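Got chain A sorted already, so can you dock chain B onto it with the hints?
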Amino acid sequence: MTGGNPLRDPRDRRIPRVAGPCVLVLFGVTGDLSRKKLMPAVYDLANRGLLPPGFSLVGFARRDWEDEDFAQVTHDAVKEHARTPFNDTVWQQLAEGIRFVPGEFADDDAFDRLTQTVTQLDAERGTGGNYAFYLSVPPKFFPDVVAQLKRSGLSSAPVAPSGRKPWRRVVIEKPFGHDLASARQLNEIVNSVFGSDSVFRIDHYLGKETVQNILALRFANTLYEPIWNRGYVDHVQITMAEDIGIGGRAGYYDGIGAARDVIQNHLMQLLALTAMEEPVSFDAASLQAEKEKILSAIRLPEDLAAGTARGQYAAGWQGGIEVPGFLEEDGIAPDSHTETYAAVKLGVDTRRWAGVPFYLRAGKRLPRRMSEIALLFQRAPHLPFSATDTKELGHNALVIRVQPDEGVTVRFGSKVPGSSMEVRDVNMDFAYGESFTENSPEAYERLLLDVLIGDPPLFPRHQEVELSWEVLDPIEEFWAKHGKPDQYPAGSVGPASAEALMARDGRAWRRL
Amino acid sequence: MTIDLTDTTTGAIHDALRQARLRLGGVASGMVLTLVIVTDEGAQYDAVRAASAAGRQHPCRILVVIIRRPEQRSRLDAEIQVGETSPGETVLLRMYGPLGQHADSVVAPLLLPDTPVVTWWPGTVPPIPAQDPMGALAQRRITDAAAADSPRDALTLLARGYQPGDTDLAWTRATPWRSLLAATMDQPSGDITGGIVSAEAGNPTADLIAAWLSHAFGAEFGTEPSSGPGITEVSFTTSDGEIVLTRPDGRIAHLCRPGQPERRVALHRRETTELLEEELRRLDPDDVYAETLARFQRTGAAAL
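Here the protein sequences line up with chains A and B, keeping their order. Residue 215 in numbering that gives the first Met the number 0 sits at position 216 of the first sequence, and the numbers go up by one each step. Residue 180 in numbering that gives the first Met the number 0 sits at position 181 of the second sequence, and the numbers go up by one each step.
The set of hints was computed from the structure by calculation and includes no laboratory data. Since the model is a prediction, treat every value here as computed from it, not as a measurement. Just so you know, not all the hints are guaranteed correct.
The following residues of chain A were derived to be distant from chain B, with all beta-carbon distances above 10 Å [claimed, not checked]: (1) Asp-11; (2) Val-17; (3) Pro-51; (4) Gly-128; (5) Gly-246; (6) Pro-333; (7) Lys-390; (8) Phe-435; (9) Pro-456.
Stretch-level coverage of chain B by chain A, calculated; a stretch enters the list once three of its residues show a Cβ under 8 Å from a Cβ in chain A [claimed, not checked]: (10) 32 to 41; (11) 67 to 76.
Glycine included, each C-beta is placed from N, C-alpha and C at the ideal position.
Okay, chain B solo, but in the shape it has when bound:
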């Protein structure tokens, strides 16, 4: 059911949520976390849909913060969705006027007790996520550099403002590639002296993979533009010849190593829902991301 509350307060939202649960016969407990989504009217639908799907099996409370018309007088409108698309609760919070500058005062009372809080910015990357009022509420802060006008600038910004608990979907998108690369390197190979990551121009995931490989091997891994989709190739220069992983079609990766038959493995690109699921799995600081980001800032960004 959907409940619309105009010019309301957090207390009234609380009451409405409790009433809705009672009417639907649901229970109050059993929700896994609170996910705060900071977005705008145009992007909220897709973001909420992806988040609801990620929480399909595991109910969570989704609070969507939409800031509108700063010139108007302060007003809070709430749209509560319970028992619709997901087993959890979704509350769209539309804040008008000066209230938009104090969104945390609306969100904080609505956080579930004793469970983690995650903040996600599907669009604009805040300058320093941990210092953003919405970020300060959360132990996990998810940005998406790929959504920025200049993804590389966004990564540089994120690197500068990094605090433990930050993470970025550009890094999440790297996981299947990194997993395959790590598995590839489980097999013995010659000394690795460098390599290339090829991807569509402006793909921040490619930058992060290159930085990650450079950091791990202590060798130079550059990026090269290709026609995509996404990342198309990672190659290693080794003392025994080239090891190349190509994925021309965005679906199947081909692994070629010197003196061995070509091997293939499915490596599909993931939907936002799957990315969110991975992010919500672990809520501790991601040290490897921190180091990769620092490496990118030191070398990758400088090379531009």
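The following block holds chain A by itself, in its conformation from the complex:
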């Protein structure tokens, strides 16, 4: 894209990647995600000088708003949630390009007005006919929106007289379906209008600095790759713990559950990045090829009853506050079988990982918010110490802390000071916040910029989504037929069945 521009020198690391002229059209501007993440991310990008002159933001929603009302909503969201300090000049520039189109998704007129609005922006602000459509709406509306974009001619651009073809991109958020069949259906709907190169699926975990750092840690160093295999690794634990309950998301969450909400996308992606072979390059195709190989090599436990666990939080005390149980939450059926905690044991059938179990767990109302990937190494084959000397020595571990306190911990045994030989676990720590003079951008900043630039490596391809569902579907089917989730008190570490799952293998979860 920047070929031919003599001012773009790959050695010139000061000049950031800046998006070309474009319009971002946001569907679902009234949602939480828009207010808390997307609008602040747009502002942060503008403040860092990464948006092009003339960049415009168009909101579309069923609200009786004028441009100014939407600008005010955006302003408030930015003031409250933006990462970078508020600068009035930057805001004024951004505000000049903010438009709002009121309407329903079934309303032809509304989409005709949207077409007019973006065409006008092209003329007034020189956005060049490049549009990104961000579908921050529930998937049930996708067919309507996508069909409308097609009908109104917004989904594809005519070739300009200069011979350049403006781009059209569509951004969609999880959930990418609720099983393999629905994921395929959703993909067909979107793909019927937008080519697969124009579809950007956001998995915000992939926008996180620490997740991208998995690649740097593994493939830029010589220290770790030699031990990154079954010869040294005993097992891997991938965790995403949340301290919150379902909050106001009952409508979405009931019937979905922790496995579909988190394991299918975030944890599977983390597993793929942890387990994959070295890609030949970091372009989208090579990276996706390696991830797909791993996802297709995942093996389910033979006995799903013993190799999985699920739970629902019951009433209890979380972080010093008394909270209701899942079944008492507003909008949840008292006999709901939706799990708020899920744990699965997976194998990866490759030469590198044969026999090494990957334990994945995700849950709500756990003691604290924490996401990590932990590689637990085998114990030394022989310890030239007495058993009492090494009583407090655990597995060596390498822990990638995804959030909070992004960084890496290495855990190993060290001699306790004193006259006797006693070995105990200690930590060596790398923290992002303490090692660089710049702060990590928010995941959405990075991903939004990648969409506008058209850079796809951090977006999962449809094949990855399908492969993840192929892993999860049999588990969901098994759960639907057998029993129901175990209760665990809010604020505890999860159901006893999850502890038992590990205990059967002679292992234990890392402390939350």
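Just chain B now, kept in the frame of chain A:
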């Protein structure tokens, strides 16, 4: 807390730092780099404030070298600030007498191990930064040509003495402009045959931008004085007409291209803290700066 040590040694400074950390309950590790600031009594306050703000989120050790009264007997005074304005440590080192000629012997023992060292001269530009005793300690040397009496002479000097790892805040100030110019040139335009950079008289950043553009396009870009503030306009002469970026108020840039609506974008001038933050981000040699400086020396300076 502030600890004053008069007629002291680096060993005593070390001990005082360790004690202060213990008393504040802090940890020794976790500091990102050592920043050596070579300055004088009059400028040290602003420089330290800018550097502390740049290191606000990321603790670093700031060593401020102030050389005073060469005629007196040798003496080292230290003023240690810990837990005041930044999470890091600041040590003001005042050197009297002949010791001022051997400042590196004071600074070297106080550098943090295993982390980068950066030297910054907020005022006077040393003739050859890499050969200056304070510069030789560092892998990154930051000067500021704009602070010199004659910025253009300073740039010429820097060009002559350039060594990989040198950088100048006049170049750092160019980044937002360069970024916008590069984005502008991402869009197709006619053949570029030359252009003009307009700025306040004696603005070294304008000289560097002109040299950078000349080098990249292989065409002549001159500079023209304007009433400012800072850089006010960059224009390209192309086979399809003029492409002009103007910034009359130091805040908002207007982009005009043939046959297209005017576009605007915020382009504010940055504080020293932001400039330092950019400089501390990357510590590898800046080849593009080297080439730009060489180009300036070849053509820009000769045109004066």
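Going through the hints against the structure:
no.	hint	verdict
1	Asp-11	4 Å, violated
2	Val-17	4 Å, violated
3	Pro-51	6 Å, violated
4	Gly-128	12 Å, holds
5	Gly-246	30 Å, holds
6	Pro-333	48 Å, holds
7	Lys-390	28 Å, holds
8	Phe-435	7 Å, violated
9	Pro-456	20 Å, holds
10	32 to 41	violated (count 1)
11	67 to 76	violated (count 0)
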